[in-house]
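Colleague: Now for the letters of each chain:
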Amino acid sequence: MTDRAADTAAAITVTPALATPPVERPADAPAHGLGTSLPPADAQAKALGTYPYTADLWAEGLLWAAVLRSPHPHARIRRIDTAQAAAMPGVRAVVTHEDATGPGGLGRAVPDRPAFASEVVRYHGEPVAAVAADHPETARLAAAAIVVEYEVQDAVTDPEKSFEAPPLHPDGNLVRHIPLRHGDPAVTGEVVVEGLYRVGRQDPAPVGVESGLAVPRPDGGVELYIASTDPHTDRDRLAACLGLAAEQVKICVTGVPGALGDREDLGFQLPLALLAVRTGSPVKLAATREESFLGHAHRHPTLLRYWHHADREGKLVKVEAQLLMDAGAYADDSAEVLAAAVSFAAGPYVVPNAVIDGWAVRTNNPPSGYLRGEGALQVCAAYEGQMDKLAARLGVDPAELRARNVMATGDTLPTGQAVTCPAPVAELLAAVREAPMPALPKDGPVEDWLLPGGPDGAGDPGAVRRGVGYALGMVHMLGAEGTDEVATATVKVEGTVATVLCAAVETGQGFATLARQIVQDVLGIDEVHVAPVDTDLPPAGPGGHGRHTWVSGGAVERAAKMVRTQLLQPLAATFGMSAELLSITDGKITSYDGVLSTTVAEALEGKELWATAQCRPHPTEPLDGAGQGDAFVGLAFAAVRAVVDVDVELGAVRVVEMAIAQDVGRVLNPRQLRARIEAGVVQGVGAALTEHLRVVRGVVRRPDLAGYPLPTALDAPDVRIVALLEERDVVAPFGAKAASAVPLVVSPAAVAAAVRAATGRPVNRLPIRPQSAVGGA
Amino acid sequence: MSTHAPHAPDSARLVALPSTLDDAVAALAEIPAAVPVAGGTDLMASVNAGLLRPAALVGLGRLAELRGWAYQDGHALLGACLTHARMSRPDFAALIPALAAASRAAGPPQVRNAGTLGGNIITAAPSGDTLPVLAALDATLLVAGPDGDGRQIPVGNLLAGRDRLRPGELVAHVRVPLLHAPQTYLRATARTGPARATASVAVVLDPMHREVRCAVGAVAPMPLRPLDAERWVASLVDWDGERGLTPEALDAFGTYVGMACIPDPEPPADGGETPQLSPALLHLRRTVAALARRGLGRALR
Numbered sequence: 000m001t002d003r004a005a006d007t008a009a010a011i012t013v014t015p016a017l018a019t020p021p022v023e024r025p026a027d028a029p030a031h032g033l034g035t036s037l038p039p040a041d042a043q044a045k046a047l048g049t050y051p052y053t054a055d056l057w058a059e060g061l062l063w064a065a066v067l068r069s070p071h072p073h074a075r076i077r078r079i080d081t082a083q084a085a086a087m088p089g090v091r092a093v094v095t096h097e098d099a100t101g102p103g104g105l106g107r108a109v110p111d112r113p114a115f116a117s118e119v120v121r122y123h124g125e126p127v128a129a130v131a132a133d134h135p136e137t138a139r140l141a142a143a144a145i146v147v148e149y150e151v152q153d154a155v156t157d158p159e160k161s162f163e164a165p166p167l168h169p170d171g172n173l174v175r176h177i178p179l180r181h182g183d184p185a186v187t188g189e190v191v192v193e194g195l196y197r198v199g200r201q202d203p204a205p206v207g208v209e210s211g212l213a214v215p216r217p218d219g220g221v222e223l224y225i226a227s228t229d230p231h232t233d234r235d236r237l238a239a240c241l242g243l244a245a246e247q248v249k250i251c252v253t254g255v256p257g258a259l260g261d262r263e264d265l266g267f268q269l270p271l272a273l274l275a276v277r278t279g280s281p282v283k284l285a286a287t288r289e290e291s292f293l294g295h296a297h298r299h300p301t302l303l304r305y306w307h308h309a310d311r312e313g314k315l316v317k318v319e320a321q322l323l324m325d326a327g328a329y330a331d332d333s334a335e336v337l338a339a340a341v342s343f344a345a346g347p348y349v350v351p352n353a354v355i356d357g358w359a360v361r362t363n364n365p366p367s368g369y370l371r372g373e374g375a376l377q378v379c380a381a382y383e384g385q386m387d388k389l390a391a392r393l394g395v396d397p398a399e400l401r402a403r404n405v406m407a408t409g410d411t412l413p414t415g416q417a418v419t420c421p422a423p424v425a426e427l428l429a430a431v432r433e434a435p436m437p438a439l440p441k442d443g444p445v446e447d448w449l450l451p452g453g454p455d456g457a458g459d460p461g462a463v464r465r466g467v468g469y470a471l472g473m474v475h476m477l478g479a480e481g482t483d484e485v486a487t488a489t490v491k492v493e494g495t496v497a498t499v500l501c502a503a504v505e506t507g508q509g510f511a512t513l514a515r516q517i518v519q520d521v522l523g524i525d526e527v528h529v530a531p532v533d534t535d536l537p538p539a540g541p542g543g544h545g546r547h548t549w550v551s552g553g554a555v556e557r558a559a560k561m562v563r564t565q566l567l568q569p570l571a572a573t574f575g576m577s578a579e580l581l582s583i584t585d586g587k588i589t590s591y592d593g594v595l596s597t598t599v600a601e602a603l604e605g606k607e608l609w610a611t612a613q614c615r616p617h618p619t620e621p622l623d624g625a626g627q628g629d630a631f632v633g634l635a636f637a638a639v640r641a642v643v644d645v646d647v648e649l650g651a652v653r654v655v656e657m658a659i660a661q662d663v664g665r666v667l668n669p670r671q672l673r674a675r676i677e678a679g680v681v682q683g684v685g686a687a688l689t690e691h692l693r694v695v696r697g698v699v700r701r702p703d704l705a706g707y708p709l710p711t712a713l714d715a716p717d718v719r720i721v722a723l724l725e726e727r728d729v730v731a732p733f734g735a736k737a738a739s740a741v742p743l744v745v746s747p748a749a750v751a752a753a754v755r756a757a758t759g760r761p762v763n764r765l766p767i768r769p770q771s772a773v774g775g776a
Numbered sequence: 000m001s002t003h004a005p006h007a008p009d010s011a012r013l014v015a016l017p018s019t020l021d022d023a024v025a026a027l028a029e030i031p032a033a034v035p036v037a038g039g040t041d042l043m044a045s046v047n048a049g050l051l052r053p054a055a056l057v058g059l060g061r062l063a064e065l066r067g068w069a070y071q072d073g074h075a076l077l078g079a080c081l082t083h084a085r086m087s088r089p090d091f092a093a094l095i096p097a098l099a100a101a102s103r104a105a106g107p108p109q110v111r112n113a114g115t116l117g118g119n120i121i122t123a124a125p126s127g128d129t130l131p132v133l134a135a136l137d138a139t140l141l142v143a144g145p146d147g148d149g150r151q152i153p154v155g156n157l158l159a160g161r162d163r164l165r166p167g168e169l170v171a172h173v174r175v176p177l178l179h180a181p182q183t184y185l186r187a188t189a190r191t192g193p194a195r196a197t198a199s200v201a202v203v204l205d206p207m208h209r210e211v212r213c214a215v216g217a218v219a220p221m222p223l224r225p226l227d228a229e230r231w232v233a234s235l236v237d238w239d240g241e242r243g244l245t246p247e248a249l250d251a252f253g254t255y256v257g258m259a260c261i262p263d264p265e266p267p268a269d270g271g272e273t274p275q276l277s278p279a280l281l282h283l284r285r286t287v288a289a290l291a292r293r294g295l296g297r298a299l300r
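First to last, the protein sequences are chains H and G. For what it's worth, numbering that gives the first Met the number 0 labels the leading residue of the first sequence as 0, then goes sequentially. For what it's worth, numbering that gives the first Met the number 0 labels the leading residue of the second sequence as 0, then goes sequentially.
In case anyone wonders, no lab produced these hints; they're calculated from the structure. Predicted model only: the values in this text are computed from it and were never measured. One should not assume that every hint holds.
Pairwise CB distance ranges, derived in the manner of DEER restraints [to be verified]: (1) Gly605/H / Met43/G: 35 to 41 Å; (2) Pro166/H / Leu51/G: 39 to 45 Å; (3) Ala48/G / Lys45/H: 35 to 41 Å; (4) Ala48/G / Asp455/H: 28 to 34 Å; (5) Arg673/H / Ala32/G: 53 to 59 Å; (6) Lys160/H / Pro278/G: 43 to 49 Å; (7) Asp455/H / Gln151/G: 28 to 34 Å; (8) Ala32/G / Glu59/H: 33 to 39 Å; (9) Pro278/G / Pro454/H: 26 to 32 Å; (10) Ala48/G / Arg673/H: 55 to 61 Å; (11) Leu281/G / Val445/H: 29 to 35 Å.
Glycine included, C-beta positions come from ideal geometry on N, C-alpha and C.
This is chain H alone, in the form it adopts within the complex (with noise of 0.2 Å):
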């Protein structure tokens, strides 16, 4: 509730002959405040293609810097010889290894990565060498012109046999194995089902690949204009690798073109480093889509077997699984990654005993990170896999088989953790169960038909069968395992002005849209700007998880309520009342009786008022030895009910229609909310149907967007929200919940369901290939 409705509240009970009616706005006001959709400050500019992205800038003088990337997943250097390509005319810097002098190494959790490969390359597009010359073109050749001598090793490409293989890296092969158990390991069900599954490298495929501009500082340090989601990280990784202090390597974030996860390669954004500080010119580096798709983390392939024991009812009794994530060469985000897939992996579902091993590997294929739904997602389609087994098993309807079985508040992970926050699972899945199911192709004129094949394609009516699956999933909030969770907010109020100075980057998850509606909504201003981010400002932590919307959003919130009071104090000891009792309210300040008025503008008397606030959730703690420790802060949970077409004869599947209820906590932004659940959904679609990244012995195929099939939007279904819970979780500062990552994670388990119900197959793959989709149940 906010201030404003309990000072009105107040005001009734108090002297109801005078209490003034609370304040309506017009029903054509522009949006205020927490709950409307604002819309956001840059969407015209984004609409109309005026908005400057990192690929737009440029600078008096710029040099053009090209990459050089190993073409072997696995190869020791003999010899770098650059020679040639540095006495090409135009070219003025080259710069291998030897170059990047500071003891630090890349990587965001773990900087295990060297800035350059020196001796072995551990992956098909790993960074050897970067160029500057004064064009595009002549970088590239440049590039081209560098002589690696490569002694072409074996490449570890199936993470089974990394175990054994030779180290791959001198941290071992072994990233992290985390053994689970939970309840009695020894106890066994009356029924069994096992279940093989695979999910594929799905990449971010961002809108805009990488791009940047670096500009040397006076003082040996260089400022980079790049779209970093957590350029504070970024910075400390780049500092040490350039051999500089933090202070001398500076971040501003520039327009976000697109970000799910971790966006920017550090291997990216390195060169462009290290070569403005070479050259003393201004440097930019636009990526290629090739680049971009071998540069940047995917989301971890994962083989997955499970055994799930119920009992004749279909109760769950135990879940057995084995985890294996292939990390790529590096550990990046793996550690993090795997917590969640262990932590996950019965899904929403009360499970009294629980033998799960987890395993991430290195292995010569293209590197694994972040991604949003990580982990969540490749455990969701397998654990919604075997519930369909379980149900056909058992006889019973696969949606009723999951009710029997959901969660609640109270009841425990496989990690030991109660479920202190609202787990509203069994509504959400009665809220898809209930919903209306989309009309039949045939109840509407032919020509309307889309059949899968698409419009004017090979479909045919008689081949087409339609089905329904369900999946549940879930996904946690902000960091696990004891992250220190803190963001720093500066609210400043001048005239009717307020500015918002936040490190939290806007990824295009609507951050900034947020701290204007909690700003308005705290201080009553309607005209709030949020500043551009860079890295002078205090840390706020990477995007994702839900992190800006809690902790960001949280600091916000509490600076805006200090520049409230700052503004009220001296005005209610005026008045003689407590502040209290006074609202703001479109730039007015009234007392509850509405005898006393003035304006923000009149009582800020010229003065500008600031205030500086933090905010840091209660900290989480480790996994043990044993998989068990309260590691999560909060989680968010979402049903999916997926109607596809198949074309059994064809294998073509279409998604006619996604029906998904969430638990969002609190709606914030309604418009917004919208925006992200249809994005997550259709990302998933993606996951379930046509994204992967070829890899034969390590070498990355096709690496373009013909070879890597995105969703259209004839491939995007119709997203039905049949409900958004608004259950507010009392430790988060709004009582809103992750929105983003759950439609992605459930999505692809609810499309592979819908498969299975259609053809018959057990459709234990994702993405689902053609022939896994012929049949004719």
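With chain H fixed as given, assemble chain G onto it according to the hints.
Modeller: Structure of chain G alone, referenced to chain H:
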């Protein structure tokens, strides 16, 4: 720092923009290394990817005479610069239905608006949508060259590499027969939206010669013609009455086409175990069979 875009580099390439076919041929003769470009939907993508670096370009965008079609002895002479969008329109579909269907299938609207028939032939991508249709129609390419008269190349010969364009030659027209009978073009793709075909089948009926012609695209470097299957199924069709076939006959035709285009591996000469087709290839064969069956079924309906 600002955000204005850089100027084009000074190393701008030599570009000719002829407005007649003769000028275009002359321009190509003058600069033998020049590459003709019409819609540029394939060529410029290769340039941007750094795969091609043409020394000079001859733009065909102003050749109005190649953007339409004419009739000649029961054939249509299609200009090589006809865009996919133009060929998708109903008037064209009434003439050559399968080519119109292939043009509708070829990529998103932006590509169809720019990409041309001649470009699709010259790029000769295995998944090129018009190619199986042209193969089924036994189309002939009319090539303009520096020698004046020009020459004719059957489309299959060019795609198979048996006959190549010589320096300075340009595909000007494509001659296809007007058959006045149903034709179909069906394809399988990885997604519902625009995508390259993983398999495509064109079926063309020629009631005059009592022939069924079929070509399969995307499964081999060039379109494949299952001639035996064509002859066999044509012998079953009652050309003078109801043309329909039984479901069993259609099914057998599909299987015949699938086996012809993706045959079982030969047993090894030393009598060892015959290698098995991979599941992906078996699925591709099933897909071709289903497309051929559906395509013929729709053509005979």
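Colleague: Are the hints correct? Go through all of them and say.
Modeller: How the hints compare with the structure:
1. Gly605/H / Met43/G: 35 to 41 Å: For methionine 43/G against glycine 605/H, whose Cβ atoms are near 59 Å apart, the range 35 to 41 Å is violated.
2. Pro166/H / Leu51/G: 39 to 45 Å: Given a distance of about 43 Å, which is inside 39 to 45 Å, the answer is holds.
3. Ala48/G / Lys45/H: 35 to 41 Å: At 27 Å between Cβs, range violated.
4. Ala48/G / Asp455/H: 28 to 34 Å: holds (29 Å)
5. Arg673/H / Ala32/G: 53 to 59 Å: holds (55 Å)
6. Lys160/H / Pro278/G: 43 to 49 Å: Once the Cβ atoms are compared, 22 Å apart, the range 43 to 49 Å for proline 278/G and lysine 160/H is violated.
7. Asp455/H / Gln151/G: 28 to 34 Å: Because 32 Å falls inside the window, the suggested range holds.
8. Ala32/G / Glu59/H: 33 to 39 Å: holds (36 Å)
9. Pro278/G / Pro454/H: 26 to 32 Å: holds (29 Å)
10. Ala48/G / Arg673/H: 55 to 61 Å: About 37 Å separates the Cβ atoms of alanine 48/G and arginine 673/H, which means 55 to 61 Å is violated.
11. Leu281/G / Val445/H: 29 to 35 Å: Holds: the Cβ-Cβ distance is about 32 Å, inside 29 to 35 Å.
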